[in-house]
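In order, the protein sequences belong to chains P and V.
If you're matching positions, the first sequence starts at 405 in the working numbering and goes up one per residue.
If you're matching positions, the second sequence starts at 2 in the working numbering and goes up one per residue.
If you're looking for bench data, these hints aren't it; they were derived computationally from the structure.
Heads up, a few of these hints could be off.
What the hints assert, rightly or not - From the structure, some residues in chain V lie toward chain P, with a derived Cβ separation under 7 Å:
no., residue
1, SER4
2, LEU11
3, LYS13
4, PRO23
5, SER30
6, PHE40
7, GLU43
8, VAL45
9, ASN46
10, PRO47
11, HIS49
12, CYS50
13, ALA57
14, PRO61
15, ASP62
16, VAL67
What the hints assert, rightly or not - Just so you have them, the derived chain V footprint on chain P, three or more residues with Cβ under 8 Å:
no., region
17, 422 to 431
18, 507 to 514
Stated by the list, open to error - To give an idea of the interface, some chain P residues facing chain V are shown, with a C-beta separation under 10 Å as derived from the structure:
no., residue
19, LYS406
20, THR407
21, LEU414
22, PRO418
23, MET419
24, LEU540
25, ILE541
26, GLN543
27, LYS591
28, PRO617
29, HIS621
30, ALA623
31, LEU628
32, PHE630
Glycine residues also receive a C-beta, built at the ideal position from the N, C-alpha and C atoms.
Listed here are the chains, written in short residue letters.
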Amino acid sequence: MKTFTKTKMLTDAPMHYCPGCTHGIVHRLVAESIEELGLQEKCIGIAPVGCAVFAYDYFNCDMQEAAHGRAPAVATGIKRCLPDRLVFVYQGDGDLASIGMAETVHAAARGENITIIFINNSIYGMTGGQMAPTTLIGQKATTCQKGRDPSVNGYPIRVCELLATLDAPYYIERVATHDVKHVLAAKRAIKKALQFQAEGRGYSFVEVLVSCPTNWHMAPVDALRFMGEECTKTFPLGVYRDKSEGKI
Amino acid sequence: MTSVKINEALCKGCGLCANACPKNVLSLSKHNMNAKGYFVAEVVNPQHCIGCTFCAIMCPDCAITVSE
Ligand SMILES: Cc1ncc(C[n+]2csc(CCOP(=O)(O)OP(=O)(O)O)c2C)c(N)n1
Ligand code: SF4
Ligand code: SF4
Ligand code: SF4
Ligand SMILES: [Mg+2]
């Protein structure tokens with residue numbers, strides 16, 4: 405028999421996310437991992453622009469808000485000034501793969517010793533459901549109302565695969581949040597990524613597939629089914645780089 | 002005996018907990034609405050709970066506590 409209580413690495417502030425949005429699950433996984441690694445006092449998080457903009461109210465550690473897309477650059481500065489701190493970045497797909505793609509790629513190419521938690525819900529959640537670089541072919545958004553058409557809108561960007569073409573990253577994995585088994589696997593990946601940073605091994609990146617029931621126009625349980633059945637086809641789960649296992 | 006508790010003030014009635022529970026311990030209320038206007042999750046079959054914590058693992062709002 406197991407027990408479950410909320411980690412002290414999360415504050416008591418009620419989260420503002422929509423019902424069933426799995427941003428909340430990922431917050432908990434990151435917070436639990438930091439607590440289990442005993443790094444709460446050393447931790448500095450960077451919050452994005454997007455639905456997770458208030459992440460600084462939820463994590464019980466020092467937090468810095470970054471301008472849209474610039475979180476990896478801010479993290480670079482903080483980590484280089486304070487190399488003994490654990491610096492994590494929490495970013496959505498619009499933030500990380502659209503406006504912030506340059507910062508994303510260059511921080512990875514430099515092999516900054518930081519950890520990126522990439523929240524891929526294949527949509528711009530905060531601004532009301534516009535197409536993201538990660539929107540699936542055929543998926544509807546306010547800016548592609550008949551569904552994403554590659555001849556007009558191009559193709560979804562697979563960020564893990566893209567970053568895995570670079571030499572520097574130490575660890576890159578894609579995980580999901582559609583059921584208990586996958587949430588537990590996501591936790592293992594996030595904890596591993598933070599641990600690698602604490603050991604000074606270099607850049608670690610975990611992409612987490614997350615639901616946006618509101619802008620997908622689905623009930624929360626249906627959104628999880630969609631993630632498991634559809635999102636994982638375009639975004640295959642797995643380890644794309646793990647230098648500790650010799651996977652280059 | 003395991004006890005599962007819902008913090009009704011935090012609950013958003015999303016149903017992910019009930020969906021994850023292998024023993025049908027939880028269900029969304031049709032009557033009990035919290036201050037935010039959500040019909041909250043309720044413990045309907047407490048005697049069937051096996052303490053697996055699946056409900057808490059899937060709750061996005063940390064509204065569930067499982068204790069012995
Ligand atoms: C410089 C700038 N451009 C545009 C915006 C508008 N904006 C706010 S959030 C956002 C995208 C959010 O999408 P994502 O990063 O995927 O986060 P989500 O809300 O889906 O978690 C945009 C374009 C902004 N705040 N600042
Ligand atoms: S808009 Fe989407 S991503 Fe944003 S809080 Fe709501 S469900 Fe979550
Ligand atoms: S602990 Fe397991 S059995 Fe008990 S209510 Fe939660 S999911 Fe159901
Ligand atoms: S998962 Fe959490 S927020 Fe959703 S209905 Fe259950 S207790 Fe409420
Ligand atoms: Mg998004």
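State the violated hints by number, sorted upward, taking the hints as numbered earlier in the document.
Hints 1, 4, 5, 6, 7, 8, 9, 10, 11, 12, 18, 24, 25, 26, 29, 32 not satisfied by this model.
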